[in-house]
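If you follow the hints, you should be able to join the two separate chains into one complex; please do so.
If you read the protein sequences in the order shown, they are chains G and U.
Heads up, the first sequence is in numbering that gives the first Met the number 0, so the first residue is 0 and it goes up one at a time.
Heads up, the second sequence is in numbering that gives the first Met the number 0, so the first residue is 0 and it goes up one at a time.
Calculated directly from the structure, the hints in this document are not laboratory data.
Certain hints may be false.
Sample of chain G residues lacking proximity to chain U, with all beta carbon distances greater than 12 Å (derived) [to be verified]:
no.: 1; residue: N2
no.: 2; residue: L3
no.: 3; residue: H6
no.: 4; residue: R16
no.: 5; residue: K38
no.: 6; residue: S41
no.: 7; residue: Q89
no.: 8; residue: F90
no.: 9; residue: K163
no.: 10; residue: S205
no.: 11; residue: K221
no.: 12; residue: T240
no.: 13; residue: S242
no.: 14; residue: L243
no.: 15; residue: V250
no.: 16; residue: Y254
Simulated restraints on C-beta separations [as the list claims (entries may be wrong)]:
no.: 17; chain 1: G; residue 1: K10; chain 2: U; residue 2: I40; range: 41 to 51 Å
no.: 18; chain 1: G; residue 1: S146; chain 2: U; residue 2: I40; range: 37 to 47 Å
no.: 19; chain 1: U; residue 1: Y287; chain 2: G; residue 2: N140; range: 30 to 40 Å
no.: 20; chain 1: U; residue 1: G113; chain 2: G; residue 2: R259; range: 38 to 48 Å
no.: 21; chain 1: G; residue 1: N258; chain 2: U; residue 2: D13; range: 48 to 58 Å
no.: 22; chain 1: U; residue 1: D13; chain 2: G; residue 2: N140; range: 13 to 23 Å
Computed from a prediction, not measured in an experiment: that's the story for all the values here.
C-beta: ideal position from N, C-alpha, C; glycine also.
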Amino acid sequence: MSNLISHAFKKAKSENRPALLTYTVAGDSSIKLSLEILKSISKKVDILEIGVPHNTPVADGSQIQTSSYRAIKNGIKVKDIFRIVKDFKQFNKSKPVILMGYYNMIFQYGENEFLKKCKSSGVNGLIVVDLPWPENKKFANKCKKRSIFFIQLISPTTTKNRLKKIIKDSHEMIYFISMLSTTGGKLKVSSKEILSNYNKIKKINSKKNVVIGFGITEKTIKSLKKADGLVVGSAICKEITNSLKKRQNPVTNVYNVVNRLKNKIK
Amino acid sequence: MKLKKRIPVIDQGDKLGFWGGKFGGNFVPETLKKPIEDLEILFNKLKKDKNFINERNKYFKNWVGSPTRFIKLKNLTRHVGGAQIWSKVVSDANGGAHKIYNATVHCLLARRSGKKVICGDTGAGYAGKMLSMAAKKFGLKCKIFMGAKDIKRQQPNVKAMKKNGAEVIPVYSGSQTLVDAVSECMRYWVANCDKVAMCVGSTVGPAVFVRICGWSTSQISRELKTQLIDEFGSIPKKLKLYNCVGGGSSSFGFWNEFMDYDKKQCEFIGVEAGGPAKSKKHAAPLTYGSKIGILHGAAQYVNQNADGQIEETESISAGLDYPGISPLHCFLKDTKRARYTAASDEEALNAYKVVTKFEKLRPSLEPSHAFSVAIAESKRLSKDTIVVVNSCGDAYKDREIIKRRLGKKYV
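Next up, chain U with everything else stripped away, as it sits in the complex (with noise of 0.2 Å):
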């Protein structure tokens, strides 16, 4: 198996839309072929249309807020004594995280084509906020599918995407968290994928999805690359990108144009969530050796038993409590261009309290798993590394878990 260089990692799979022949895929039944197959030559032709490029990048730029801002964390640095620490504060974009690139995306291929309604699933909720921020913007009605018990730890971006005007249809199925939303809105769409479009909202699912994900959110690293050459003349010598993993979306955006640099100069760290520390549950395919299996449309390593039945994972962070991964990064696991490894909810909870100590920076529990690895790693790491945190949300939708976890004053 094996990256090539020079061809976008998204454009990288054969035609059945597995990466390194056996990654990804569509695992899906005979009704969404063809809604499928739609939406992939629309995709591929405005991928390469000028107009729509430029279409995007207006509303990435006026509407977004993009760059956000790329900043060096003093105090943290001082404090670990090692590396140099930065951070991507990918939070700043509107609506407080790097969901809004692929919901954005989402809402400007649903108008193409003539959709008029647009259906998503979330976990931690932000995919979901952000897509009823981007269906508003671009008069589209929108539903959103969510598992029950995460809508109760999630209230703040509930309570915003209903006020966009979202209907939030809540999933009493399995689990109750993202993976059984994620079959409740696959479902929905194999009834009603004549008139509504679909978001998945990370890079999984059938293939077509994990590609409009992964082109969208790769506005961060194309970001992020002017940014370095900015500050340091040059892409550095020693670069580190840390960022925490679940569906795997803000990561590869984070990584995507730094994909052909030498992994001794440019780094990936993909951090998955590894659960309560006395809990044998995970969400941490990659880091703790799932086997290959099919999940959602996709082959991919994911939590599961010999029988093939998915398994229960557990996170404190809604944003990663999902039993799969990408396929994009199974297959930069399997070619070596990334390395993954997992924090625990004790070990995020402390990299937050760390952080927020040190500098103005309000990581989410997702992020703060990133933050975690990356102190600990900096430590022994020489001054000139450049190690940069992607702060890729924002810790306001989960006030009330710290608020019982760490107490008032981190709020």
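The shape of chain G in the complex, shown without the other chains (with noise of 0.2 Å):
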């Protein structure tokens, strides 16, 4: 199975850098000022992770909550999502897209429908936050029948046996969360201790890309480069909090963003 993403991986391989992967919610803060903000930074970003937003979101801290909140409010829509993607992918078509978000907004859907919207409107792989293995081994599998990547997460708190098995189960992208947190916490260890934990993965199954993510910032991202790719959510969902605050151009500052982001992992 390969897919967009893998091609993102490769380029990103050959230019020996790690992908840059960022978070948006979708909506944020509507849906116009989101797909415009997609459109703005995929000219910077590899892979392009658009958050479902969901008002009670367990494993997000206070800024991608802050977003989510504010889509939510502005009357975002799961097929609203879909029509964003949709445009974005006119607009840019070879761009990989990843929706990111809580199962209860799939199973309400229906796991079927959600996917066949998938398909038709260009996603090309799901992260799950409240769908762990093995719970998710059924949905994967109905995933990866139409092409589209499961994405496993991993955590610092996932056994080794347990590690094993996930990433036997996994397609291509894996996502490894560098420390106990919720999104957006301050990096609380070091990037040796992360990527000493990243390289355990890696040694089980080195084709498999993996992906870092929470508490990277344009602070902490040099430090992680070695990694296959690198998502920054958080710092770009407070970036639009500012800037609706300072009453400017959330596009601009967010694209300077993702620049800086881009310029210290080349």
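Okay, structure coming up:
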């Protein structure tokens, strides 16, 4: 199984750098604005993660919560999110898009119907925060059948035995959570320790593309550049919040943050 | 879907923690898989360990103060003029509510696991107050997450928590009530699960928390069974057990020991919070047919919109103000072992008025919901029917609300 996500990693590798992944919440602060942000940052980003906002997000810190509540308050619905992806793909069809969210949103939409919509709008991968292994086995297989990557999450608390099984069932991309934290926490462990945990995953299967997320900012990104990919989410959501507060243009400001992030890992 | 006999309901879940194949489970971030598994192993071991059970029983007896009273409400029975109305006065328990059982067990487990800090959520403040008491008793540091709206309306319990040395952390996100407090508490655990134990305040959350809580509150029905036999010589032929249902911890504990009896002999009636009579919002997912969804790690009937966003609830009683319901109750509903209905804010207040007028009993607004339905139904029941209402909380915490809604003389 190969899809745009694999190509994105290959391209980054050929340029001798980690892939840059960003996370923004769909509909933050409006459908139009979030689409404009995606279009603008896609010039610098290798893979776009788009958050499906949920109002009881048990793994998200305050920055992503703020973005999610703002999007929900402004009326975003799941069907609008597929519309955003579709519109974005018309602008740039080769840029991979991953939807990230909580299982209830998929469950209510219906797993099959949700995947059908993913396929028709151009979604390349899915991250479901609260559908861990082995609970996700059936759904992950459904994704695979449609050539959509189901991205398994691994955390510092994942035991070795479990790690092997998850990697075995994983598709080509794996998400490693850097530390015990919700999203947007301050990096409380050394990059050395994070990379040592990261290497444990790579040792079991070096072919999997492993990205590191949680706690990655302009300050910390450089120290982790050995990874296959790095995800920045809260730092971007925070920039949107600040821009709105200062009545500045979030599109330009977010682009500038992403540009700086990219320069640090070149 | 079938309820099995002679197997505790808490142990009737499948390998992945689902009751009836679809309620419960573990919809949690990967980080929590390990601590949850550790807790499962510890709990499964200790619940079979005689020493641990003796330790639990010792604290339940000497510290919680078991058994709580089982009394006949003679004046109320005469006033209603139907079934005999009795009450299990669980609010006699140390701290004033059933939440002490779960809190005690969680602190005993935390101590065994070597953790020094325990965190928990609270709505009405009882779960938090009891956890702060138990934490103090067992030498643990305690952090309580509570919605900012609940902090305002349940001040007496907030003061009690602080007095016990707990840190009360206000939660400002979402509706600022229990649902957000549970989310925030889970987030805190995600970030600190290596050093901190978590106590979920009701029979909700990932499967192991549902089981631990149900196992703990079942003390209520163990006592009641003995008390019924002492009083009547055997379990009455027509027994009806009324209990309010928010998350579902007190009702599950009140019913558990009677599970294997035929429902014609021993009926369970759960009363959810219907919210203000004029409002469309409620906290009664079972009564009003909410769809199955995922909330706080478990599949359950839950108030939500078509997209899967959890909906805000409304109820005069903070302890019932939760959009979801225990997977155990979803299971009891779908297997038809228990019957569920709702009482409105006004009906609960009215029941409080009636009960306090006739009896020396001050049920909090949560059990007042159960009293409302019990009184209404008792009118039509025969004199040999034994109606028992679990008075699972004391009204002291509600004095401000009662003063405002009913006037000073009812406080």
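Do the hints match the structure? See the list:
1. With a cut of 12 Å on Cβ distances, G:N2 stays outside the contact zone with chain U, its closest approach being about 23 Å.
2. Every CB of chain U lies more than 12 Å from the CB of G:L3, the least distance being 25 Å, so the non-interface label holds.
3. With 12 Å as the threshold on Cβ separation, the claim that G:H6 sits away from chain U holds: the shortest Cβ distance comes to roughly 27 Å.
4. No Cβ of chain U comes within 12 Å of the Cβ of G:R16; the nearest lies about 27 Å off, and the non-interface call holds.
5. Distance to chain U confirms G:K38 as a non-interface residue, since its nearest Cβ pair spans about 25 Å, more than 12 Å.
6. At the 12 Å boundary, the C-beta of G:S41 stays outside the reach of chain U, the nearest C-beta of that chain being 26 Å off.
7. Residue-level check passed: G:Q89 sits 24 Å from the nearest beta carbon of chain U, beyond 12 Å.
8. Against the 12 Å criterion, G:F90 stays outside the reach of chain U, whose nearest CB is about 25 Å from its own CB.
9. Consistency note on G:K163: stated as away from chain U, and its beta-carbon is indeed over 12 Å from all of that chain's, at 14 Å minimum.
10. Against chain U, the non-interface label of G:S205 holds: every CB pair exceeds 12 Å, the least being about 21 Å.
11. With 12 Å as the threshold on Cβ separation, the claim that G:K221 sits away from chain U holds: the shortest Cβ distance comes to roughly 24 Å.
12. Distance check on G:T240: its Cβ is at least 14 Å (rounded) from any Cβ of chain U, clearing the 12 Å threshold; non-interface status holds.
13. Even its closest Cβ contact with chain U, about 21 Å, leaves G:S242 beyond 12 Å, as expected for a residue assigned away from the interface.
14. For G:L243, the requirement that its beta carbon stay farther than 12 Å from each beta carbon of chain U is met, with the minimum near 18 Å.
15. No Cβ of chain U approaches the Cβ of G:V250 within 12 Å, the least distance being about 26 Å, so the stated non-interface status holds.
16. At roughly 29 Å, the least C-beta separation between G:Y254 and chain U is larger than 12 Å, which holds for a residue marked as non-interface.
17. The hinted window of 41 to 51 Å between G:K10 and U:I40 holds, with their beta carbons roughly 45 Å apart.
18. Take G:S146 and U:I40: their Cβ atoms lie about 39 Å apart, and the range 37 to 47 Å holds.
19. For U:Y287 and G:N140, the Cβ-Cβ distance of about 36 Å falls inside the hinted range of 30 to 40 Å, so the restraint holds.
20. Checking the proposed 38 to 48 Å range against U:G113 and G:R259 shows it holds: the Cβ atoms sit about 44 Å from each other.
21. Taking the beta carbon of each, G:N258 and U:D13 are about 50 Å apart, inside 48 to 58 Å as hinted.
22. Between U:D13 and G:N140 the C-beta distance comes to about 20 Å, which sits within the given range of 13 to 23 Å.
Hint violations for this structure: none, all hints satisfied.
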